[in-house]
Amino acid sequence: MKGTHLGEFQEIVLLTIMVLNENAYGVSIKREIKSRADRAISRGALHTALSRMEDKGLIKSWQGEANKERGGMPKRYYEVTNKGIAALKDAKDIRDQLWNEVPKLRLQHNYA
Amino acid sequence: MTHKRQQPPSFYSKLFEWFCKENVHDELQGDLEEEFNINYRTQGKTHAHRIYKREVIKMLRPSVIKKFKSQRHYNHTAMFRNYSIVALRSLMRNKLFSSINIIGLSVSMAVGLLAITFVSEIYSYDNFHKNGSRIYRVTSDISRDNQGTTFYATSSILTGIRYSQEFSSAEKVAPIFRGMSGDLTLEETVISIKGIYSNNDFFDIFTFPLLYGNPETALSEPYTVVLTEDLAMRLFGKTDVVGEVLEYSTKDQLTITGVAKNPPRNSHLQFDAIGALQTLVVRNSSVATNWRSHTASYLYILVPDGQKLDRIQSDLNQLAQQENAKVKGYTITPGLEAMNDIFPGRPRSNQFGTVMPSKNVNSIMVLALIVILAACFNYTNLSIARSIKRSKEVGVRKVVGARRFQLISQFMIEAIMVSLLALVIAFFLFKLIKPGFLTLNFYVSRTTSLELTIQVYFYFLAFAILVGALAGLLPASMMSKLKPVSILKGVSSVISGKGIGLQKVLTAIQFTLSMGFFILVTLVSKQYRYALNYDLGFSTENVLNVSVNGNDHQLLINAFQQFPEVTGISTSTMLPSVGSSQYAFAKADDPSDSVITYTFNVDEAYLSNMGHELIAGNDFTKGSSDGKVVVNEMFLKQLNLGTPIEALNKQITYFQKDWTIIGVVKDFNARMVNEPMAPFIFRSGEFRPSYINLRLATNDITNTMSKVSEAWTKIDPNHDLEAMFYSDEIERAYSEVSSSVKTYGLLAGVAISISILGLLGMAVYTTEIRLKELTIRKVLGATISNLVLLLSKSFLAIFIISAAIAIPAAYYMFQQTIMAESVNRISIGFWELSGGALLIIAIAFFTISSQTLKAAKSNPAENLRNE
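Just so you know, the sequences run in chain order R and B. Numbering (my numbering) for the first sequence: 16 to 127. Numbering (my numbering) for the second sequence: 490 to 1356.
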């Protein structure tokens, strides 16, 4: 895992950024998470996650355009780095493996 | 996007900008604003604002908050230790200044502690009710024809009953009738109680928990009663007494349905027992059915959550309108008063128990504040005076790198240390003056105990720190402003320029206060003595008034008559000149206007026993006094009945009855001295006396009193003897004036001692600084009186200005507050006004010259030798 263990929330944020592709900035990330996971998060909490992941090199960011509605303040767009994608993959692999190991019988039993 | 941009709440934006890291602020703020605008469009203004605020608050996290740098790198503990050591050293070095400061502060802080304890106790009243903020009392402003409006704390029970039945705007409605006074009897035990009547809602509105019994049903049935724990213990010796039966006033059998906890001391509602209101209803008592019967009944309601008061008010108005229409010349306007505004509150008639007027509380706070400020001025003055000696220290500290903030905190800490030391002394002084304060007036003695709680101790500490900070603020900011270069160069009078002006102003304020309080004391105490010695027109000396208290007065009279000391004995329904009065309109045959006439009933011995001078006609005679009255001269004058002789045998109408005038007495003042003489009618005939007036001729008062008391106990073992000498009775009636004398006396004492102490400090300081100058003058031939004058000159101007402000101010205060409603006033002459000022100036001069003389008398060689 090489020290890039992802928290659950971080994982969601990373995936959301990837989903949003070119248009990932604070407000859009928040809204996407709200609409997909029905999870209301505060901008502050999102900032904490983003800044931590940027420190770890999982994402990078650049300053975007400003508009009137934002009081003239520029946006900051986020993009997942290769390292970030690798970390996501690692996380997914671990889960897939674990899912595969769960006995079929038990799964059926539970879903039935 | 072409939407109009909306501005988010600016306070929160500013707050965010203030605590947010600069490098991320633009991004986050932009996001917040964008989201705010979206929310504004989709969810409306209120929601958008709320979300924005919540988001900003949630930004308070380490990843967003910037590092506040200031003084993070200083070694606090070491510096504070150093400050305290330096402060202690400078306290020790200037023992005189330190003790002046500490004593002055402690004297005024004692007054401050008193005010804190008092105010915190007063404001703790009624704070234990869980629903406190929703409890309201319905008050009545009653206007009678030609008599103006009286503001009552009461409401008729009828209002309560009708309101709860016909309207639904209040959640709970509890009428209270304060008329359950009488004796409760259980076999041999008889206890007289002061109880109330109410209904079950009483327990829902107030937090008076029941130990036994069900609050839902306890007061449902007539002839049921809920006792307090205390009363149950006194009657039964136990508290679990539900179901027992008691006899009330030898008539009713009351079943006990509950036992309540004693009402806390800080409740304005006090009672021994609660009877079911239903009792009054089944008895068909007029108290419960008469709209005008409101003298001792109250109405408390519980307002539902979120309910507007307007609705309740309009319901009450509607009810009042219907009832007012039935009565002529009598209008009741209901009002709502929040529970928190009852005690302390605005003065209303017929309060439930004694209610501290908020006026009194406020004036005590203001006066305490004034005294404390005066003491702070001393500290400020002396510190500034001393600052020249410490300017080198400041200079060195600055050169070594102290910031201004640090210097300020250093001097503040010093001041706070002084005030904490003063707190210790103040605490003992407080204990000393506490008993005196508790007997200040009946408002205080009936409502406060000045108990010290942990909370109050905490207030004391906070108060001391605040006082220290206040006193230290000016010197600290002045000293820290000094420029190191000029200090270290040795310019001696760096501060003096600014400092002296300020010192003079502060000293002037102190002396104005001292003189003002002193003059007030002089005036008020003169008025008080005047009132006590005022010639009322009858003789009050050696008269002992015994309250009959419902007994057979003839039995008592027979018993008292046995004593040889009793030279005269009479009975009356009231005592004149001590504040209570009964009056009605009287008319003569002559169709002139009716006049308000005061009255009470007396027996045939009263007039001669009390030394009333009969100027025409006859006294009452036993058995033939019905329909006859004795009046005073003022009555004749106001009703145009001619001379006393002419007035005899004329008819008058009073209390809807006809009366014949059989005698005229000399004018006397039946009301308080501050009110004018008024028309008066003595009535006689059949009546139930409330007082027996004994005229005594004895040198051994204690012996006589014990005899009277013994005779009383034989006749009525259940009640204590209530007897009071007339002069004491009068003194009690003027207790408000006497409490002003005490208050202003204390304040004058404190203010004078503080300002004289301060002056002493200043005088010591001035002579010390100018010692060389004085010595040189002396060597060159100045006389001692020259020198004293030289030093006193600057103070003299201060005194004159102070007196010029204090005298008119005190005079104005006296006229406006104490004398505002008084008719019989003292004459105020030159000495009353300026005597106090002159005395204080004399003391002040003595203080100054004591120091100057010392300097002037010393050997010049000693003072000039060392340079």
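Simulated from the structure, these hints should not be mistaken for laboratory data. For glycine and all other residues, C-beta sits at the position ideal for the given N, C-alpha and C. Take these hints with a grain of salt, some might be off.
With a straight-line cut-off of 25 Å between C-alpha atoms, the simulated DSS-like cross-links for lysine-lysine are [unchecked claim]: (1) B:Lys-1155 with B:Lys-1117; (2) B:Lys-1282 with B:Lys-1261; (3) B:Lys-547 with R:Lys-71; (4) R:Lys-49 with B:Lys-542; (5) B:Lys-510 with R:Lys-83; (6) B:Lys-493 with B:Lys-619; (7) R:Lys-83 with R:Lys-98; (8) R:Lys-83 with B:Lys-493; (9) B:Lys-1139 with B:Lys-1076; (10) B:Lys-1155 with R:Lys-75.
Computed list of chain B residues with no C-beta within reach of chain R, every gap over 12 Å [as the list claims (entries may be wrong)]: (11) Ile-540; (12) Lys-1015; (13) Ser-1316.
request  = Please work out if Lys-1155 of chain B and Lys-1117 of chain B have their alpha carbons no farther apart than 25 Å.
outcome  = Between Lys-1155 of chain B and Lys-1117 of chain B the Cα gap is close to 18 Å, so the pair holds against 25 Å.
Is Lys-49 of chain R close enough to Lys-542 of chain B, meaning Cα to Cα at most 25 Å?
-> 19 Å, holds
Next on the checklist: Please verify whether Lys-1282 of chain B and Lys-1261 of chain B have alpha carbons no more than 25 Å apart.
Outcome noted: 18 Å, holds
Minimum C-beta separation from Ile-540 of chain B to chain R exceeding 12 Å: can you confirm that? At about 10 Å from chain R, Ile-540 of chain B fails to clear the 12 Å cut-off, so the statement is violated.
Are all beta-carbon distances from Ser-1316 of chain B to chain R longer than 12 Å? Check passes; 75 Å lies beyond 12 Å.
Item checked: Pair hint outcome, Lys-1155 of chain B versus Lys-75 of chain R [Cα-Cα no greater than 25 Å] -> 107 Å, violated
Please verify whether Lys-83 of chain R and Lys-98 of chain R have alpha carbons no more than 25 Å apart.
35 Å, violated
| message | Given the hinted pair Lys-510 of chain B and Lys-83 of chain R, is their Cα-Cα distance within 25 Å? | response | 23 Å, holds
TODO: Just double-check Lys-1015 of chain B for me: nearest Cβ-Cβ distance to chain R has to come out over 12 Å.
DONE: Its Cβ never comes within 12 Å of chain R, the nearest being 71 Å, so this holds.
Under the criterion that the straight-line Cα-Cα distance not exceed 25 Å, is the pair Lys-547 of chain B, Lys-71 of chain R satisfied? 24 Å, holds
message: For a C-alpha distance cap of 25 Å, please report whether Lys-493 of chain B and Lys-619 of chain B respect it.
response: 48 Å, violated
Given the hinted pair Lys-1139 of chain B and Lys-1076 of chain B, is their alpha-carbon gap at most 25 Å?
11 Å, holds
The structure is inconsistent with the numbered hints 6, 7, 10, 11, although it conforms to all the rest.
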